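Whole structure, please, built from the sequences with the hints as guidance.
Top to bottom, those sequences are chains A and B. First residue of the first sequence: 244, per our numbering; consecutive thereafter. First residue of the second sequence: 2, per our numbering; consecutive thereafter.
Don't take every hint at face value.
[To be verified] Residues from chain A that keep clear of chain B, each with C-beta distances beyond 10 Å, as calculated:
id, residue
1, 290
2, 414
3, 526
4, 631
5, 634
6, 636
7, 663
8, 693
9, 703
10, 710
11, 741
12, 748
13, 790
[As the list claims (entries may be wrong)] With a cut-off of at most 25 Å between alpha-carbon atoms, the simulated SDA-like pairs for lysine to any residue come out as follows:
id, chain 1, residue 1, chain 2, residue 2
14, A, 713, B, 118
15, B, 140, A, 733
16, A, 713, B, 141
17, B, 140, A, 368
18, A, 713, B, 114
19, B, 140, A, 322
20, B, 118, A, 632
21, B, 140, A, 331
The hints are simulated quantities; they were obtained by calculation from the structure and are not laboratory data. Please read all numbers here as calculations on a predicted model, not as lab measurements. C-beta: ideal position from N, C-alpha, C; glycine also.
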Amino acid sequence: MALKHVNVVIVGAGAGGGVAAKELATAGLSVVLLERGRWYTAADCRKDDLRNQRTSPLGNNSGPDDDRNPRVAVDLNGGDRVVLPSEGGYSNNAACVGGGTFTYGAQAWRFHEKDFRMATTYGAPEGSTLADWPLSYSDLEPYYEKAEYEIGVSGDVSADPFHAPRRKPLPMPPVPQNREYGILKPAAQKLGLHPFDLPMLRNSVPYNGRPPCMQCRWCVGFACEVNAKCGTQNTVIPTALATGNCELRTDSMARQILTGAGGRVTGVAYHDAANRLREQTADVVIVSSSAIESARLLLNSRSKLHPAGLGNHSDQVGRNLQGHSYSGAWGLFDFDTYDDIGPGASIAISDYNHGNAGLVGGAMLANEFIRLPYQFIGAAPPGTPAWGLAHKQFMRQWYRRSIAIQGPTQEIPIAASRVSLDPKVKDFWGLPVARLSGGKHPKTNETAGVMAEKAEAWLKAAGAIRTWKKLPGKGTSGGQHQAGTCRMGNDPATSVTDQNCRVHHHDNLYVIDGSVHVTNGGFNPVLTIMAIAYRAAERIAQSQKGRGV
Amino acid sequence: MVEIRNEWRYVRFLSHQSINSIRRRKFLRLAGAATAGGALVSCGRTKSPWRFLTAAEGRTLAALCEQIIPTDQTPGAAWAGVVNFIDRQLVGPYRRQQALYRTGLAELDRAAANLGKLFADLDAPRQTALLQSLDGALKRFFTTVITHTMQGYYGDPRHGGNRDAVSWRMLGVPVVPVRGRNRYEFPKQGA
Chain A
244 MALKHVNVVI VGAGAGGGVA AKELATAGLS VVLLERGRWY TAADCRKDDL
294 RNQRTSPLGN NSGPDDDRNP RVAVDLNGGD RVVLPSEGGY SNNAACVGGG
344 TFTYGAQAWR FHEKDFRMAT TYGAPEGSTL ADWPLSYSDL EPYYEKAEYE
394 IGVSGDVSAD PFHAPRRKPL PMPPVPQNRE YGILKPAAQK LGLHPFDLPM
444 LRNSVPYNGR PPCMQCRWCV GFACEVNAKC GTQNTVIPTA LATGNCELRT
494 DSMARQILTG AGGRVTGVAY HDAANRLREQ TADVVIVSSS AIESARLLLN
544 SRSKLHPAGL GNHSDQVGRN LQGHSYSGAW GLFDFDTYDD IGPGASIAIS
594 DYNHGNAGLV GGAMLANEFI RLPYQFIGAA PPGTPAWGLA HKQFMRQWYR
644 RSIAIQGPTQ EIPIAASRVS LDPKVKDFWG LPVARLSGGK HPKTNETAGV
694 MAEKAEAWLK AAGAIRTWKK LPGKGTSGGQ HQAGTCRMGN DPATSVTDQN
744 CRVHHHDNLY VIDGSVHVTN GGFNPVLTIM AIAYRAAERI AQSQKGRGV
Chain B
2 MVEIRNEWRY VRFLSHQSIN SIRRRKFLRL AGAATAGGAL VSCGRTKSPW
52 RFLTAAEGRT LAALCEQIIP TDQTPGAAWA GVVNFIDRQL VGPYRRQQAL
102 YRTGLAELDR AAANLGKLFA DLDAPRQTAL LQSLDGALKR FFTTVITHTM
152 QGYYGDPRHG GNRDAVSWRM LGVPVVPVRG RNRYEFPKQG A
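Listed below in structure tokens is the structure:
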């Protein structure tokens, strides 16, 4: 059955797709927003420490489900295995309305100016594909501001001398401080560092008709009970729907982007909730499925005219997969650090994002979200037995007397870290699944090691009686910060989209999510994804002017 | 008769848990059937109170879990219902690991047989020594059981372990599910 033709079809209702839907629908264009997951509420997603988006031994609370969505992970020795969404190595983000923003910790960072010109600042290390963005920070600044005000950010970055120039302060004051904040702030100052209140997409006061954070311990990985976390599912997507121009279709799994004459695309074939194959035609197609699934959809959209998939003339789609190499340290204290005041993460420094001798980039460092008891079992310092009385005693003695500091070390992209199509394994719908392979550049691992030392020094200054490092693995990362697989650039030989997120050689096909990030900053990437979406959608709306409903 | 007494111990142990009444009725029905079966059938295997594990496997696993998180001033994994947790997951999210448990528990008892007893019947120091000496596939199985035991002991009681939130009390974490509500004034929508 033919569906009514629309101006724009968007695949994925996460950070990028949600913002794009709102911008285009309010500009008067007709929009269909496809989402493979469901529209959950907090009531659907219980506060379950074994079943959430961060700790998922019993499954994910907001998708995707284990039965239909395998992937293949390749380890550093070339061995491959099928992995399910709830297992490590899958690099899961989420599958639901709001995408990752439904359950995230909601850190709301603007990248620094140097994060957009990494190659110019440092030179590309050998074996890397480090490059500058085709955009500068100042191109994005107005859109960062728009994201902060429309979606809602609390915090106070005025004490951070390193932040990039901004015209306005954040719209909401910081969430009240917790005990860790009080312990860590003077310690950082003693070291000559510049601590400040972490910016978060989280209401600290009533904002946009929703209440402030109630500071519970169930934050990152969980849906917010009182709707105080600001995701696209409770901000821009409802706005888009309220225009009457946007239709949201959940349980809709995109199969292929349809192509017409030349480079133009004509719509999306997808499986609806009843698994019927439907075709939604549109003037413009936007792929916003996050870095792994967006690349997979482009690669799976193979045809006679485009045998390698869409946008893949230069074998760039799926390459440069990156996330963040989280590194940091644990510290034990001889007094209680735990106060059960969430979300936990409260204080940050960006002293080490750049300017580290001999390193390429660095990381923002912040204290961690509240560790739920099961999340603490892996925290034991080297030498602690993994079982038996000694482990139990460790838990009992230190759970309330520990602090973790960590940060998202910026990764140096490499072409070998990539998403490709697995030649054998298919998903529930018969589509080849994503195959994740590669590894990290040695420079990334080096920086991660130094960031862990910095975190350890901060904990020691705060009075920790014992500290130890927390180092990332050397395998390909991705996860909730996945990025880079359809990087933007001016040269079609080394990039997939232009600076407006339009896929080279395909006039009406766009990728709007973390896929287009050339580099991923030493910060949580969501605010950058939103800013890029605002900017790209504005340009699409201009190009479609007069074609609206 | 020993078997039957064991069954009743499980029933008592399970019915202590804060499980909802439907689930409790199901347990009692299952356990009752198991007891009746044990009494009527003079030979052959006793029916199990568990969903996946046999009664004998449940006993071995309880001893194994208790080694991983032993009782000291706070109850250990066996009292906390970790076997119930694992058994429940083995017919749910961990169904892919049924074979691993079936083989692993049998192998563990086989290893204990070298010392002349079932694993559960060895004294605690010998159990510890045996577990410390494991290698190969059995060690990998043990590693999995460690992870699952930690989940059952430290995870949410709704999954069948962490009876009476015993571990959360031990750690000093408030057991109110969503603390914060009690000190939070809900502002009026649109304020």
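The hints, checked one at a time:
no. : hint          : verdict
1   : 290           : 6 Å, violated
2   : 414           : 16 Å, holds
3   : 526           : 37 Å, holds
4   : 631           : 7 Å, violated
5   : 634           : 8 Å, violated
6   : 636           : 8 Å, violated
7   : 663           : 26 Å, holds
8   : 693           : 31 Å, holds
9   : 703           : 25 Å, holds
10  : 710           : 21 Å, holds
11  : 741           : 41 Å, holds
12  : 748           : 43 Å, holds
13  : 790           : 35 Å, holds
14  : A:713 x B:118 : 42 Å, violated
15  : B:140 x A:733 : 54 Å, violated
16  : A:713 x B:141 : 24 Å, holds
17  : B:140 x A:368 : 42 Å, violated
18  : A:713 x B:114 : 41 Å, violated
19  : B:140 x A:322 : 22 Å, holds
20  : B:118 x A:632 : 24 Å, holds
21  : B:140 x A:331 : 20 Å, holds
When the structure is compared with the earlier hints, violations turn up for hints 1, 4, 5, 6, 14, 15, 17, 18 and for no others.
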